[in-house]
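**Q** Letter by letter, the chains look like this.
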Amino acid sequence: MTAATTVKSVSVEEANRRKLKQALVAYSFIAPNFIGFAIFTLGPIILAMIMAFMEWDGSNPWKFVGIQNFVTIFSDDRFMASLKNTVIYSIFTVPLTLIIALGLAILLNQKIKGRNFFRTVTFFPYVASLVAVAAVWNMLFTPAKGGVINQLLINIFHVPALKWAASPKTVLMTIIMFSIWKNMGYYMVIYLAGLQNINTELYEAAGLDGANVWQKFKYVTVPQLKPTTFFVIIMLTINCFKVYDIVYMLAGGSNGVINKSAIVLVYYIYEEAFRNWNLGIASAGSLVLFAIVLAITIIQFSGEKNYAND
Amino acid sequence: MKKIVSSLLVASMAATSLAACGGSSTTATTAAATTAAAAETKAQEEKATEAATEAATGDAVTLKWALWDASSITYYQPLIDAYKADHPNVNIEMIDLGSTDYSTVLGTQLSGSGSDFDVVTIKDVPGYMTLVNKGVLEPLNDKIKEAGIDLQQYGGITDQVTINDNLYELPFRSDIWVLYYNKDVFDKAGVAYPTNDMTWEQYDELARKVTDTTPGSEVYGAHYHTWRSTIQLDGILDGKNTIVGGNYDFTKPYYEMVLKQQQDGVCMDYATLKTQGLHYSDAFAQGNVAMMNMGSWFIATLINKIKSGEYTDCTNWGMVKYPHAEGVEAGSTLATITALALPTSAPHKDEAWDFIKFVTGENGAQVLAETGNIPAMTNENIVSAIASMDGFPQDDTSKDALITSHTYLEMPANDKSSEIETVLNEQHDLIMTESSTIDEAVQAMNEGVQAIIG
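If you're matching them up, the sequences are chains A and B in order.
Residue numbers for the first sequence, in this note's numbering: 1 to 310.
Residue numbers for the second sequence, in this note's numbering: 1 to 454.
Treat the hints as calculated values from the structure; they're not laboratory data.
One should not assume that every hint holds.
Derived BS3-like pairs: lysine-lysine, alpha-carbon spacing no greater than 25 Å straight-line [stated by the list, open to error]: (1) A/Lys-63 - B/Lys-416; (2) B/Lys-416 - A/Lys-145; (3) B/Lys-252 - A/Lys-169; (4) A/Lys-145 - A/Lys-111; (5) B/Lys-240 - A/Lys-260; (6) B/Lys-307 - A/Lys-260; (7) A/Lys-84 - A/Lys-182; (8) B/Lys-240 - B/Lys-84.
These stretches of chain B come out as covered by chain A in the derived footprint (C-beta under 8 Å, 3 or more residues) [as the list claims (entries may be wrong)]: (9) 99–110; (10) 285–295.
For each residue, glycine too, the CB sits at the ideal point set by N, CA and C.
One chain only, chain B, in its complex shape (with noise of 0.2 Å):
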């Protein structure tokens, strides 16, 4: 009888273990099987057919690749297509971490030996930082120079996430910050549209222009988006300050001309976007909103939604460079990258390190500037595409909105970023619903990040 229970309390005590291990791949596993039938059903049938092939060939190998937004993101598949054709016994599985924590997710799924993905998608700086700082992503630098990779293609993007001497990351897309219009409102007003070289007074003239504050048929000149970097980080445009210098004095400007624009019904009012969470795609579509600075990640969505049918009142929209302060060249704008980087862990590294050198390379340009997006690697081949995609506004400026003179990452990289960015939302929040002053809130931005970076 001992006998029976003890080994009945090892069984379950194994079992329950074997459980505990198992947890965080099932999970993942499930979600990509999720995302997979939800996606692309052709995809699966590929890949029944593949694993036919691979069964005969034998030596096939499934790449996990970590990401977000699988079913809404256009260039996941095609990428995965493109690679394929020339790469038959490789599979690769989509993880979908989803967008919202996805920072934080991949952090806790990379601690300790709980993951097996081979390769990981980077979304932010921060999120950069925090994987490095851990220890878990491979340097990347012998590996660049033994495939003789030319940085430079990068237009400089990757000095800006070197760490210690050494790059964990390779970007494959690079947005930058642009003006949308809608060129429906500014001729239903009678106003010209906005210009490649606007400063930021001409543009506040320009929004509160073809303002129309009626009751029931409101316009707004402007939109925000709840983020702070839609307002705070139009400072920096100028190259002279640092949003991670513990002096924010230069935000005052900016804030202080969207306040005057809430307050007199230019945009609408954070508070109300707040709670509402409305997304500023939304927003735009909506067909009210004459301008709003986003970036050009925007372009895709707008292209596919109008396409579809989904947006009717702002398929007649255009852009431009994002207005830049007195003395400014026109062009300076905000950068975000997404990159990508091979764990430490990561089962397969050579056959991951082929996928990261196509996708961030040449064919991956290509293949995400086809699908609207704009790569990390450009050259004028690829602006041409995307230019040229159906639905891409066919008006100059349009064109040229895409050229930079100088790009600023919205988070440079710095140990201390998350407290940081911490810091900064807050002191953002209570400016925009109006619960502090500007002077008070920037005075503490000055003194919470200072004692952050110490």
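Here chain A stands alone, though its shape is the one from the complex (with noise of 0.2 Å):
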């Protein structure tokens, strides 16, 4: 009797042992990366947590000011200016993305002739470098009379020439168009995956019962795409609200300086950080930046569920 006790406490006990062995060891594998990630992300996100309740020019001691920092990004023009901007910029540029994205993955996803080609070239300026797409781009889009698409503007189109990145009307346009064409191969790429995992099957059944191309697309096509499209606007919002390469590049001008009309939240933290000096600021203005990002993944992975339930 007390023997098996014992033996059975034993091998309780051995079983405990051997999953906390097998813990530390799925632990250790997973620890190199943990540990950067540690050091180099989670580390900074809660110094920054703190940071912006703080006074700190990165050299002298660190000062207390409560809610301060908050107070004065909200009442900075060009904090207001780089929220404004990030949210028409993200307004305009995650559905347009998303519909062009959608539209050529269906044309490419055709039995066409040269469509490895066609592919290639709409993934093209997702993968070329962006200085040098960039430095294209301004080329085409000069504010000069003379430039490409001014030419074509005046001699096809008969409407006056347009500034584009120079002007203050039509900067975050211009951003938002090079953005679109930019990142679109990209998002194909992933709807083309998409589309290529639904059923045929279910195409012929829908035909069968006599839908056309378009209730084809309606009731097939989009529902079937939805955990893609889920995916592409997560990314495509988060993205958005990160944007600062494209802005920097095109309207940065020769002294790297962005004007109200095209300042983004990004910028306005890197330029109060590292050109100003006033870290606590940078830091407030960053957790504004988190807390909106993570607003609108909670209202998006909620809508997921739905989805789900439905």
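Two chains, each in its own frame: build the complex with the hints.
**A** Pasting the structure below:
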């Protein structure tokens, strides 16, 4: 009796130890990645959350200032402009990129001649170096009346020339157009993968039921692509709120200073942190950005759950 | 097993943190290595021999010098060579931080305790103010007194960067703004050259005279680089106004003049220049620009690129003093200084200070002048050394152009200079792209800057 209990308890202990060992081995495998994440991502995030309530220039001692940094940024023209521009940029870029990427994916999913060539052409802007294509783009969309695109506008469409990235009225539009052109190829590839996963029997069945092309698209393609669309929307939205490089390249000019007409949140954060050395204000700005992205993601995730319950 | 796992963890943690600490210095060394390799293989060979000598003598010191554009700026290596001739046991390693974001990168490197620079170059006054406010530069007053350096030799420019009675940098280069012109363009148009005593009205008239707006063979009477300083700062040369004062009404006449020129095709369109990022030297080198206002740093570039055969359409150039407002003495111009400073974290402070004294003193000035640059410390010998340089225009007007009556810093020392610059840059851009009227933009400058300086 006693012997049996001992054996049993020993084996339980043994099992627990084995479990622990397995867990530790598993942890040791993720350790290199996690330690990197903790040092370079998690640490700075926590630090930024603390720093948002401090005044710090990078060298002198920290000073606690309460919510003063948030008061400062929400009364700062440049911050409000950056918030507004980022939201406008996202509102236009997300749906337009999505629709164009889906359209291209459907077109290039047909059996047409030179399909792979056109797929490459569409994907190329995404892989090309941003600096190089931005330089070419700036040449095409030069504000001079003799510029390629302006000549087209004047001679073919008979509308006045535009100043594109050089004018506060059109700079955001130019950035949005560039962003769509640059990124549509990437999302097209994701949609292509989604399209090829759709069972062709569904289309055949719909065809037997007398569905036309539009009905097939609406009742088969769109619902079947829901998970892909969900993924694309999340990635696009987050990337839109993080936009920086495109704006810097197109609107930065020769001294790298971005005006209120084109400033975006991430640029504002960079400017406050490393040009003006107000690290507290910059951290407050990044917390606002974090809150926005978090809120959008939560809303989209709950939307996804509703899909699943349908 | 547990032990193995935990020691693994510790080891990987240590490795990561080591990598983190080493990050900045590794990049720096790599940058330096690349630069050195690109710039001068000879220097490396010398370094090798140097290292051998050092190993023999035993007390070698390597100073790390933070700077920009090591491969294209012509005086770094001659300065180092001249210094090493007298100090064989000192090695100087150039660390190139790039020119675009130099002040930002330097500020980041000197924050915290990650840097081991012995000498840092200070590019502009806002960058200087940032570092002084951060408390990362060594105050130099005591050292200057001890070394018996006479600050008068810098022509009063050190007074403008003295903060709370203390000086944290010593200038070695002091550039002034002049008006460059292409003699061929004037000859072709049959118009007399500009002179050393011109008002802005005369300048405008002259620019219009040489301008040709025939499509395909345009000649631009004037060229303004996209910097706000090319126009905005023309207004401070009467000595009555300052760029950090909060009232910018004085810039209006200059904006009116340039905007009118832009509309009439006298100068290139700002918006196009901005988006295409055309460099001012390339604009001038095209050979269809008659006059261009620019700093004296352009002299060395012009001389060298004409010598190397890269510039063929502006070989016959000259320069005159900056135009001036009515009633202001000719020779009033903008100045900008390049200086050396000693970081508080410098590992070899004494040797670094000795090097700073050398570069900012008479010997350094001589080296700068020989390479076509204007040293901060000037006397007659130095001016004649520059003017006698091979490739420098030989007319008397060009030689006299370097003599100034009053100089004003492009950006005076001010705590809020980088915030002020943001406002001024933005409104400059709006005026020049004709997105705002001059009155609206100047109003916005006044309000924006007053809100900053409080």
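**Q** Would you mind marking each hint as holding or not holding in the structure?
**A** Each hint tested on the structure:
no. : hint                  : result
1   : A/Lys-63 - B/Lys-416  : holds (19 Å)
2   : B/Lys-416 - A/Lys-145 : violated (39 Å)
3   : B/Lys-252 - A/Lys-169 : holds (23 Å)
4   : A/Lys-145 - A/Lys-111 : violated (42 Å)
5   : B/Lys-240 - A/Lys-260 : violated (30 Å)
6   : B/Lys-307 - A/Lys-260 : violated (43 Å)
7   : A/Lys-84 - A/Lys-182  : holds (22 Å)
8   : B/Lys-240 - B/Lys-84  : violated (46 Å)
9   : 99–110                : holds (count 6)
10  : 285–295               : violated (count 0)
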